[in-house]
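Residue numbers (the numbering used here), protein chains in the order written: chain A, 1 to 343; chain B, 1 to 343.
Honestly, the hints are just simulated from the structure, not real lab data. Each residue gets a CB set at the ideal place from its N, CA and C atoms; glycine is no exception. It is possible that part of the hints are untrue.
Stated by the list, open to error - No more than 20 Å apart at the CA atoms, straight line, and that leaves these computed lysine to aspartate or glutamate pairs for EDC-like:
no.: 1; chain 1: B; residue 1: K242; chain 2: A; residue 2: D287
no.: 2; chain 1: A; residue 1: K82; chain 2: A; residue 2: D67
no.: 3; chain 1: B; residue 1: K82; chain 2: B; residue 2: E33
no.: 4; chain 1: A; residue 1: K242; chain 2: A; residue 2: D309
no.: 5; chain 1: B; residue 1: K218; chain 2: B; residue 2: D198
no.: 6; chain 1: B; residue 1: K123; chain 2: B; residue 2: D109
no.: 7; chain 1: B; residue 1: K242; chain 2: B; residue 2: D265
no.: 8; chain 1: B; residue 1: K172; chain 2: B; residue 2: E144
no.: 9; chain 1: B; residue 1: K242; chain 2: A; residue 2: E214
no.: 10; chain 1: B; residue 1: K218; chain 2: B; residue 2: D207
no.: 11; chain 1: B; residue 1: K10; chain 2: B; residue 2: E315
no.: 12; chain 1: B; residue 1: K242; chain 2: A; residue 2: D21
no.: 13; chain 1: B; residue 1: K218; chain 2: A; residue 2: E283
no.: 14; chain 1: B; residue 1: K123; chain 2: B; residue 2: D255
no.: 15; chain 1: A; residue 1: K242; chain 2: A; residue 2: D265
no.: 16; chain 1: A; residue 1: K242; chain 2: B; residue 2: D198
no.: 17; chain 1: B; residue 1: K10; chain 2: B; residue 2: D255
no.: 18; chain 1: A; residue 1: K149; chain 2: B; residue 2: E283
no.: 19; chain 1: A; residue 1: K10; chain 2: A; residue 2: D21
no.: 20; chain 1: A; residue 1: K218; chain 2: B; residue 2: D207
no.: 21; chain 1: A; residue 1: K10; chain 2: A; residue 2: D67
no.: 22; chain 1: A; residue 1: K172; chain 2: A; residue 2: E301
no.: 23; chain 1: A; residue 1: K296; chain 2: A; residue 2: D67
no.: 24; chain 1: A; residue 1: K242; chain 2: B; residue 2: D255
no.: 25; chain 1: A; residue 1: K172; chain 2: A; residue 2: E193
no.: 26; chain 1: A; residue 1: K82; chain 2: A; residue 2: E126
no.: 27; chain 1: B; residue 1: K296; chain 2: B; residue 2: E315
no.: 28; chain 1: A; residue 1: K242; chain 2: B; residue 2: D287
no.: 29; chain 1: A; residue 1: K10; chain 2: A; residue 2: D31
no.: 30; chain 1: A; residue 1: K82; chain 2: A; residue 2: E107
no.: 31; chain 1: A; residue 1: K242; chain 2: B; residue 2: E144
no.: 32; chain 1: B; residue 1: K149; chain 2: A; residue 2: E283
no.: 33; chain 1: A; residue 1: K123; chain 2: A; residue 2: D309
no.: 34; chain 1: A; residue 1: K296; chain 2: A; residue 2: D21
no.: 35; chain 1: B; residue 1: K242; chain 2: A; residue 2: E144
Said to hold, decoys possible - Here are a few chain B residues that face chain A, going by a calculated C-beta distance under 8 Å:
no.: 36; residue: R211
no.: 37; residue: V269
no.: 38; residue: Y271
The lines below spell out each chain.
Protein chains: 2
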Amino acid sequence: MLRHRQWLLKSRPEGALSLGDFEFREQHIPDPELAPGQILVQNLMFSCAATMRNWMNAPGRSHRSIDLGTPMLGPGGSQVVKSNHARFPVGTRVTLLAPWEDYSVLEPDTSPTPITALPSEVKLTEALGIYSLNSCTAYFGLLEVGQPKVGETVVVSAAAGSVGSMVVQIAKIVGCRVIGVAGGRDKCDLVVEHLGADAAIDYKHEDVGARLRELCPKGVDVYFDNVGGDILAAVMDNIAVKGRIAVCGQVASYDSGAPAPGLRDMMRVIYRSVTVRGFVMDEFMQDVDTARADMKRWVAEGRLRHHEDIRTGFENLPHAFMALFNGESRGTVIVESGEPAEG
Amino acid sequence: MLRHRQWLLKSRPEGALSLGDFEFREQHIPDPELAPGQILVQNLMFSCAATMRNWMNAPGRSHRSIDLGTPMLGPGGSQVVKSNHARFPVGTRVTLLAPWEDYSVLEPDTSPTPITALPSEVKLTEALGIYSLNSCTAYFGLLEVGQPKVGETVVVSAAAGSVGSMVVQIAKIVGCRVIGVAGGRDKCDLVVEHLGADAAIDYKHEDVGARLRELCPKGVDVYFDNVGGDILAAVMDNIAVKGRIAVCGQVASYDSGAPAPGLRDMMRVIYRSVTVRGFVMDEFMQDVDTARADMKRWVAEGRLRHHEDIRTGFENLPHAFMALFNGESRGTVIVESGEPAEG
Chain A
1 MLRHRQWLLK SRPEGALSLG DFEFREQHIP DPELAPGQIL VQNLMFSCAA TMRNWMNAPG
61 RSHRSIDLGT PMLGPGGSQV VKSNHARFPV GTRVTLLAPW EDYSVLEPDT SPTPITALPS
121 EVKLTEALGI YSLNSCTAYF GLLEVGQPKV GETVVVSAAA GSVGSMVVQI AKIVGCRVIG
181 VAGGRDKCDL VVEHLGADAA IDYKHEDVGA RLRELCPKGV DVYFDNVGGD ILAAVMDNIA
241 VKGRIAVCGQ VASYDSGAPA PGLRDMMRVI YRSVTVRGFV MDEFMQDVDT ARADMKRWVA
301 EGRLRHHEDI RTGFENLPHA FMALFNGESR GTVIVESGEP AEG
Chain B
1 MLRHRQWLLK SRPEGALSLG DFEFREQHIP DPELAPGQIL VQNLMFSCAA TMRNWMNAPG
61 RSHRSIDLGT PMLGPGGSQV VKSNHARFPV GTRVTLLAPW EDYSVLEPDT SPTPITALPS
121 EVKLTEALGI YSLNSCTAYF GLLEVGQPKV GETVVVSAAA GSVGSMVVQI AKIVGCRVIG
181 VAGGRDKCDL VVEHLGADAA IDYKHEDVGA RLRELCPKGV DVYFDNVGGD ILAAVMDNIA
241 VKGRIAVCGQ VASYDSGAPA PGLRDMMRVI YRSVTVRGFV MDEFMQDVDT ARADMKRWVA
301 EGRLRHHEDI RTGFENLPHA FMALFNGESR GTVIVESGEP AEG
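Please model the complete structure; the sequences and the hints are all you need to start from.
So this is what it looks like as structure tokens:
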């Protein structure tokens with residue numbers, strides 16, 4: 001028998017998340033029988049991404065929707081503990097879109113989302129941190145969608161976060177001037193001193209529009225938008241001619257229950273010839289190896305780093321996830337589930 | 001002495017245009033002396049474009065703003081009547097951004113907007129109609145900004161208008177399925193029967209969202225947006241994954257006095273990977289000869305046509321311009337000024 005804990009989606013949140021939106025379940029289950037091609041994994045680590053908040057909504061409001069009464073889903077790092085698949089022998093470590101549960105039966109060849117075996121030299125925390133799909137999102141969103149040119153000014157919101165902190169550094173690596181927007185003095189210090197941005201704007205205590213006018217007298221060439229709302233509006237007021245906005249997330253509105261308010265002045269989009277391009281990481285899946293190779297090189301050269309905010313205890317997963325929305329987290333929040341006792 | 005009529009911008013309109021926003025002035029002026037490099041033109045024809053409504057606003061709300069008390073500006077067709085410039089001898093016909101007045105002194109080499117001599121085989125009405133910058137706007141906005149592929153579905157608003165009618169036809173020429181949106185049954189019939197669209201939606205009498213769902217079950221690949229507002233919102237509800245929106249105008253809001261309402265649901269922009277790209281014709285100025293060559297070939301092949309809605313009398317200019325906003329016009333509205341008597 002296996003001790004099997006789960007966090008299920010109990011209700012679709014309206015407004016801010018609460019613990020009551022999640023239901024904890026603990027069972028003892030028999031060791032599962034595997035069909036051909038199946039594997040049993042033990043999920044060892046879970047990372048938390050803001051976009052998972054969207055997956056809690058009803059279908060049609062995001063590109064993915066978790067069914068009520070089923071486990072929450074998020075990026076995970078797991079180990080194969082039983083196998084009926086030649087390419088995934090017992091002991092293989094994988095990254096995957098993992099249900100929030102101790103054990104999952106998977107079928108790698110038919111899984112709609114990739115289950116990727118990890119090379120032995122990569123740590124699970126690195127796979128969920130610096131080399132994660134979040135980092136690839138930063139890489140492709142900035143370089144492919146934003147198309148920054150040497151010397152251009154790039155603005156990034158949620159600049160101390162998992163995606164934003166990588167955008168700041170990659171934009172510096174490719175030769176841009178970078179302004180990070182973050183909440184609070186501590187995060188702003190981190191963005192400038194640790195990540196290397198040229199300046200930071202504390203949206204909680206500063207007038208973002210006024211600071212952008214001051215810091216970007218020639219306008220914002222590329223805006224990597226993680227938050228939407230008022231900061232998007234302030235950037236639009238300061239966008240350069242032929243400016244590009246890579247729309248990655250709209251965290252400012254995730255808790256509002258209402259649709260993200262959007263772009264408020266389309267005439268400016270016209271007469272400044274602005275490109276606004278939404279994207280999801282799925283578009284670039286075929287090129288993640290390129291992104292990871294570049295990032296590994298930059299890490300080796302000491303030009304790229306990542307903060308992994310590692311927490312412990314499967315029981316704490318919802319609380320750790322909620323930290324993304326109350327401004328408490330830095331970098332990537334990763335929860336180590338802790339060894340479940342077998343009984 | 002020359003009889004010299006002018007229409008001046010009297011006040012910046014808030015809400016719908018009225019005749020009171022324009023002031024008519026008539027003077028008799030001495031035949032002007034020309035400095036070296038200057039020419040005197042007689043403005044024979046004026047065409048009316050919706051974007052001129054934006055130029056009536058205060059600076060900062062558009063890429064061009066007409067000063068109060070100075071003549072309105074719009075595309076014009078003129079003839080050189082006195083010349084101090086070797087490349088523009090007396091009799092040369094030119095297109096230009098023309099002040100609404102009988103005579104203008106111009107300096108072709110320093111003019112901020114191009115003054116283009118017309119080849120003798122091109123009629124002035126054609127230069128202001130089918131081969132105008134409006135048509136080039138349709139050409140570049142569709143082909144360069146919208147990037148339509150063979151077999152894709154293109155939706156165009158203001159489809160019976162000067163720009164929209166060209167977009168419908170060019171989209172058919174490059175192998176797309178085309179849905180035009182226009183106001184009223186007559187215009188919709190014109191869009192399908194005369195311009196060759198696959199279907200038309202009458203936004204005044206039909207539910208645009210419901211009709212788009214029905215007509216575009218696989219979603220809208222390219223939307224050429226001339227109007228913004230509710231029609232933009234309905235298209236966004238039906239946009240295909242990797243859909244592109246070429247934002248050319250926002251006529252629905254020009255008369256509201258408020259900023260164009262914009263894109264209302266940014267999450268959809270993200271999870272459908274939508275590109276929203278505003279543009280102005282100025283971006284493509286260096287390539288207009290290519291556009292005109294293509295259009296001439298299509299005209300010769302009988303695949304492209306244009307309706308010129310020709311009206312008479314300089315005195316009627318504001319009224320003709322206002323016809324763009326009350327749904328009365330078709331194609332390009334051109335006003336022949338009528339020969340002013342010389343006295």
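Cross-check of the supplied hints:
Restraint check for K242/B and D287/A: the C-alpha separation of about 18 Å stays at or below 20 Å, so the hint holds. A hinted pair counts as satisfied when its Cα atoms are at most 20 Å apart, and K82/A with D67/A does not qualify at roughly 27 Å. Distance restraint check for K82/B and E33/B: the Cα-Cα separation of roughly 9 Å lies within the 20 Å cut-off, and the hinted pair is therefore satisfied. Between K242/A and D309/A the alpha-carbon distance is near 37 Å, which puts this suggested pair outside the 20 Å criterion.
In summary, the hint linking K218/B to D198/B is supported, as the alpha carbons are separated by about 15 Å, within the 20 Å threshold. The straight-line distance between the Cα atoms of K123/B and D109/B is roughly 24 Å, outside the 20 Å bound, and the hint therefore fails. Under the criterion of a C-alpha separation no larger than 20 Å, the hint pairing K242/B with D265/B is consistent with the structure, at around 16 Å. The suggested pairing of K172/B with E144/B holds, with an alpha-carbon distance near 16 Å, which does not exceed 20 Å.
Between K242/B and E214/A, the direct Cα distance comes to roughly 35 Å. Violation of the 20 Å bound is thereby established for this hinted pair. Distance hint between K218/B and D207/B is fulfilled; the C-alpha atoms sit about 18 Å from each other, no more than 20 Å. Between the alpha carbons of K10/B and E315/B the distance comes to roughly 15 Å, so the proposed pair stays at or under 20 Å and holds. The hinted pair formed by K242/B and D21/A fails the criterion: a straight-line CA distance of about 33 Å is larger than 20 Å.
For the hint linking K218/B to E283/A, the alpha-carbon distance of about 18 Å falls within 20 Å, and the restraint holds. In summary, the hint linking K123/B to D255/B is not supported, as the alpha carbons are separated by about 33 Å, beyond the 20 Å threshold. Between K242/A and D265/A, the direct Cα distance comes to roughly 16 Å. Compliance with the 20 Å bound is thereby established for this hinted pair. For the suggested pair K242/A and D198/B, the alpha carbons sit about 33 Å apart, so the restraint of at most 20 Å is broken.
Between K10/B and D255/B the alpha-carbon distance is near 17 Å, which keeps this suggested pair within the 20 Å criterion. Our distance criterion of 20 Å between C-alpha atoms is met by K149/A and E283/B, whose separation comes to about 19 Å. Of the pairs offered as hints, the one joining K10/A and D21/A holds, with about 5 Å between alpha carbons and a cut-off of 20 Å not exceeded. A distance of roughly 43 Å separates the Cα atoms of K218/A and D207/B; the hinted pair therefore is violated under the 20 Å criterion.
Restraint check: the Cα-Cα separation between K10/A and D67/A comes to about 9 Å, which is no more than 20 Å; the hinted pair holds. For a cut-off of 20 Å, the pair hint linking K172/A to E301/A stands: about 14 Å separates their Cα positions. Using a Cα cut-off of 20 Å, the hinted pair K296/A and D67/A is violated, with the two alpha carbons roughly 36 Å apart. A distance of roughly 26 Å separates the Cα atoms of K242/A and D255/B; the hinted pair therefore is violated under the 20 Å criterion.
Straight-line distance between C-alpha atoms of K172/A and E193/A comes to about 13 Å, which keeps the hinted pair within the 20 Å bound. Proposed proximity of K82/A and E126/A is contradicted: the alpha carbons are some 24 Å apart, above 20 Å. Restraint check for K296/B and E315/B: not satisfied, since their Cα atoms lie roughly 33 Å apart, outside the 20 Å limit. A threshold of 20 Å between alpha carbons decides the hint, and for K242/A with D287/B the separation of about 18 Å falls inside it, so the pair holds.
This hinted pair does not check out: K10/A and D31/A have alpha carbons roughly 26 Å apart, beyond 20 Å. Distance hint between K82/A and E107/A is fulfilled; the C-alpha atoms sit about 12 Å from each other, no more than 20 Å. A threshold of 20 Å between alpha carbons decides the hint, and for K242/A with E144/B the separation of about 14 Å falls inside it, so the pair holds. A hinted pair counts as satisfied when its Cα atoms are at most 20 Å apart, and K149/B with E283/A qualifies at roughly 19 Å.
A distance of roughly 15 Å separates the Cα atoms of K123/A and D309/A; the hinted pair therefore holds under the 20 Å criterion. Restraint check: the Cα-Cα separation between K296/A and D21/A comes to about 38 Å, which exceeds 20 Å; the hinted pair is violated. The straight-line distance between the Cα atoms of K242/B and E144/A is roughly 14 Å, inside the 20 Å bound, and the hint therefore holds. The criterion of a C-beta within 8 Å of any C-beta in chain A is not met by R211/B, whose closest approach is roughly 20 Å, and the hint is violated.
Interface hint at V269/B: satisfied, since its Cβ lies 4 Å from the closest Cβ of chain A, which is below the 8 Å cut-off. Because the closest C-beta pair between Y271/B and chain A is about 4 Å apart, less than 8 Å, the hint holds.
Hints 2, 4, 6, 9, 12, 14, 16, 20, 23, 24, 26, 27, 29, 34 and 36, counting from the list given before, are not met by this structure.
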